[in-house]
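Since chain A is already given, all that's left is putting chain B on it; use the hints.
In order, the protein sequences belong to chains A and B. For the first sequence, position 187 matches number 182 in this note's numbering, and the numbering has no gaps at all. For the second sequence, position 60 matches number 55 in this note's numbering, and the numbering has no gaps at all.
Do not take every clue at face value.
One copy or two, it doesn't matter: identical chains are merged, so the pair holds either way.
List of simulated lysine to any residue pairs, SDA-like, C-alpha gap at most 25 Å [stated by the list, open to error]: (1) 138 - 259; (2) 138 - 258; (3) 15 - 315; (4) 114 - 149; (5) 114 - 161; (6) 114 - 328; (7) 296 - 259; (8) 138 - 12; (9) 274 - 313; (10) 138 - 184; (11) 138 - 260; (12) 114 - 144; (13) 15 - 94; (14) 274 - 259; (15) 133 - 11; (16) 15 - 253.
Don't read these hints as lab results, they were simulated from the structure. Computed from a prediction, not measured in an experiment: that's the story for all the values here.
2 protein chains.
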Amino acid sequence: MRFGLFGGPSRPPGQVGDGKSFRQFIDYVVEAEQLGFESVFLVEHHFTGAGQVSASLTLLSYLAGLTSTMRLGTAVTVMPWHQPLLLAEQAATVDIVSNGRLDFGVGRGYRANEFHGFKIDPDEAQARFEEAVGLVLKSWTSKERFNHDGRFWSFRDVIVEPQPVQNDPHPPIWVAAGSEGSVRKAAATGQRVLMDQFGSTAVCAERIGWYRDAQKQAGLPALPNQVALTRGLLLVDHPSKKAAEFERRHLMGRMIAASAQIPGQAPPANPTGPFVLDKSDDATQAATINGTPDECIGQLKALEAAGVEYVLFNDPWGGIERLRFFAREVMPAFRKARALA
Amino acid sequence: MRFGLFGGPSRPPGQVGDGKSFRQFIDYVVEAEQLGFESVFLVEHHFTGAGQVSASLTLLSYLAGLTSTMRLGTAVTVMPWHQPLLLAEQAATVDIVSNGRLDFGVGRGYRANEFHGFKIDPDEAQARFEEAVGLVLKSWTSKERFNHDGRFWSFRDVIVEPQPVQNDPHPPIWVAAGSEGSVRKAAATGQRVLMDQFGSTAVCAERIGWYRDAQKQAGLPALPNQVALTRGLLLVDHPSKKAAEFERRHLMGRMIAASAQIPGQAPPANPTGPFVLDKSDDATQAATINGTPDECIGQLKALEAAGVEYVLFNDPWGGIERLRFFAREVMPAFRKARALA
Chain A
-4 MRFGLFGGPS RPPGQVGDGK SFRQFIDYVV EAEQLGFESV FLVEHHFTGA GQVSASLTLL
56 SYLAGLTSTM RLGTAVTVMP WHQPLLLAEQ AATVDIVSNG RLDFGVGRGY RANEFHGFKI
116 DPDEAQARFE EAVGLVLKSW TSKERFNHDG RFWSFRDVIV EPQPVQNDPH PPIWVAAGSE
176 GSVRKAAATG QRVLMDQFGS TAVCAERIGW YRDAQKQAGL PALPNQVALT RGLLLVDHPS
236 KKAAEFERRH LMGRMIAASA QIPGQAPPAN PTGPFVLDKS DDATQAATIN GTPDECIGQL
296 KALEAAGVEY VLFNDPWGGI ERLRFFAREV MPAFRKARAL A
Chain B
-4 MRFGLFGGPS RPPGQVGDGK SFRQFIDYVV EAEQLGFESV FLVEHHFTGA GQVSASLTLL
56 SYLAGLTSTM RLGTAVTVMP WHQPLLLAEQ AATVDIVSNG RLDFGVGRGY RANEFHGFKI
116 DPDEAQARFE EAVGLVLKSW TSKERFNHDG RFWSFRDVIV EPQPVQNDPH PPIWVAAGSE
176 GSVRKAAATG QRVLMDQFGS TAVCAERIGW YRDAQKQAGL PALPNQVALT RGLLLVDHPS
236 KKAAEFERRH LMGRMIAASA QIPGQAPPAN PTGPFVLDKS DDATQAATIN GTPDECIGQL
296 KALEAAGVEY VLFNDPWGGI ERLRFFAREV MPAFRKARAL A
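Same shape as in the complex, but just chain A (with noise of 0.2 Å):
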């Protein structure tokens, strides 16, 4: 089993300017990197108020400078919002700096504030979540000049350069996933699927087995690294505080339902889109990774029976300091079966 980092800078509440989450993210991810964590994946976010990441890409060219072996992701890459040739190039320019450590994860968008600031009809976002995923992919491989007359974009004898360094045939392309349909066109298109951090393990097994299926039937190769499972990680050294985390978690659910509400509208009944956020500690129980190390080596040993090979942790404003527990505590135990196997 792998480990790696979702999430990205955002200020906590009552902190003012943005530089300072910023370096603090950045720092925890540098560390991480050594800790043993094999990715970061950075979300896009606008309009919050909460000084979130909004330019992953841009970020994550800065981080390929710090970083020598991590891969680096988008989970996702909003695409209706991007002119997709200019988002190639930023792409690919990560791609270069980073040697080849771009992860491209793509979606749909969901949250209705965004739609509405960007006066974008989300009736539209399938359409141009298509449109631009193509041209991205055409900007990447393409050697020839190409027209193209889409419904959202035009473009006219373009070669768009740089070309990313992945070129055999390009950067690995994620897209959320989850219903048996999205994640069987994911594999058998040679896709990766991120996997969403509200579902219980028994989900998760349903979705993974969709995918090699899908996989195998269409004769592609399995490798561990092609499904990422994010969880919260509410990792904690006595059981006492393990209340305090999922009341940690929750604020989350809210934070993220006020984030994605229009202003002075209310707030949307599923702010995380297709995805079920259920804010019980049921659910909570169901769908992180929390308690005692012991607990959290248990939980991860049933997502990895289940057949979970790669678990990204989100953990917004995490302290460096839970990562090192998990290193320390956790990871061994995960080690050594790499090892082993």
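Chain B alone, transformed into the frame defined by chain A:
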């Protein structure tokens, strides 16, 4: 007098793959900082077929992690191509990760093939430029959500984050300006000016006069780093090598012309847009720093006497050896002057 770099990576003729030229350029910039060069200003171009830098802010973000004191500039970001809020987010992210070293150069675009490729009407360039610059400034400085209903872009209830760390009032804005009206307007509005690499010393002197006069009339303070002049660097260690350097400069002119050409159409009459590209030896003599160290010192002293306090060097595919030679043989003549002043 202070010195910086102007340009960006692109593949030398015959080279394959974009990773190598980017890596060479990055190494060049990092050593230049050690040698005493105080800035790098990256161009932005598209669709040349030469693997040129396109995502300038993405590359600057990477350079932020490998440098510690040099200013990180764009010369220029071509505003009509970009969605202004996403651009403001990228630029602010560079400003944060560099601890406030962003110099944001802005322009309208001039290459025919870029307007053609993006399918943007050149007649709209000025209006797009003005709307985009206004939106970037509002994005960087507004602490409240705002609406925008423009000719080219519209947004609703947005607050744009992260915000830059240079916030008194915002990162410096640089404009490419040459006419009396545009130079005076920049000075009066607190913008800095990038002067092109084709004007003679006498032309530069006149432009700086306009800038300082308009600045004085507006009651704004005069600082040495408000006007930067770009020059080709044709420094050689022996007079016999000068002719080859002039030919290299002419090759650059021909390549700019070819890069600005719409595929299948005749080369543009004026490939450098508002700037006059004169490929004669006389023009090259008048508008480059060329020859032996003593000759270069003399030319730079003449610029200094004309009021130039900041020179950016453009040396396409320039080897680091030339910068080392410059730092050793030319720079000390000016370091001493600065120390005495």
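Do the hints match the structure? See the list:
1. 138 - 259: between (49 Å within a copy, 18 Å between copies)
2. 138 - 258: For residue 138 and residue 258, the Cα distance is within 25 Å only across copies (15 Å; inside one copy 45 Å).
3. 15 - 315: within (15 Å within a copy, 35 Å between copies)
4. 114 - 149: both (20 Å within a copy, 7 Å between copies)
5. 114 - 161: Neither: 34 Å inside a chain and 29 Å across chains, both beyond 25 Å.
6. 114 - 328: neither (49 Å within a copy, 56 Å between copies)
7. 296 - 259: neither (45 Å within a copy, 62 Å between copies)
8. 138 - 12: between (44 Å within a copy, 11 Å between copies)
9. 274 - 313: Answer is within: at 19 Å inside a copy they meet the 25 Å cutoff, but 59 Å across does not.
10. 138 - 184: within (22 Å within a copy, 44 Å between copies)
11. 138 - 260: between (48 Å within a copy, 21 Å between copies)
12. 114 - 144: both (22 Å within a copy, 10 Å between copies)
13. 15 - 94: between (28 Å within a copy, 10 Å between copies)
14. 274 - 259: within (24 Å within a copy, 60 Å between copies)
15. 133 - 11: So residue 133 and residue 11 pass the 25 Å test across copies only (19 Å; inside, 42 Å).
16. 15 - 253: Close inside one copy (23 Å), not across copies (46 Å); limit 25 Å.
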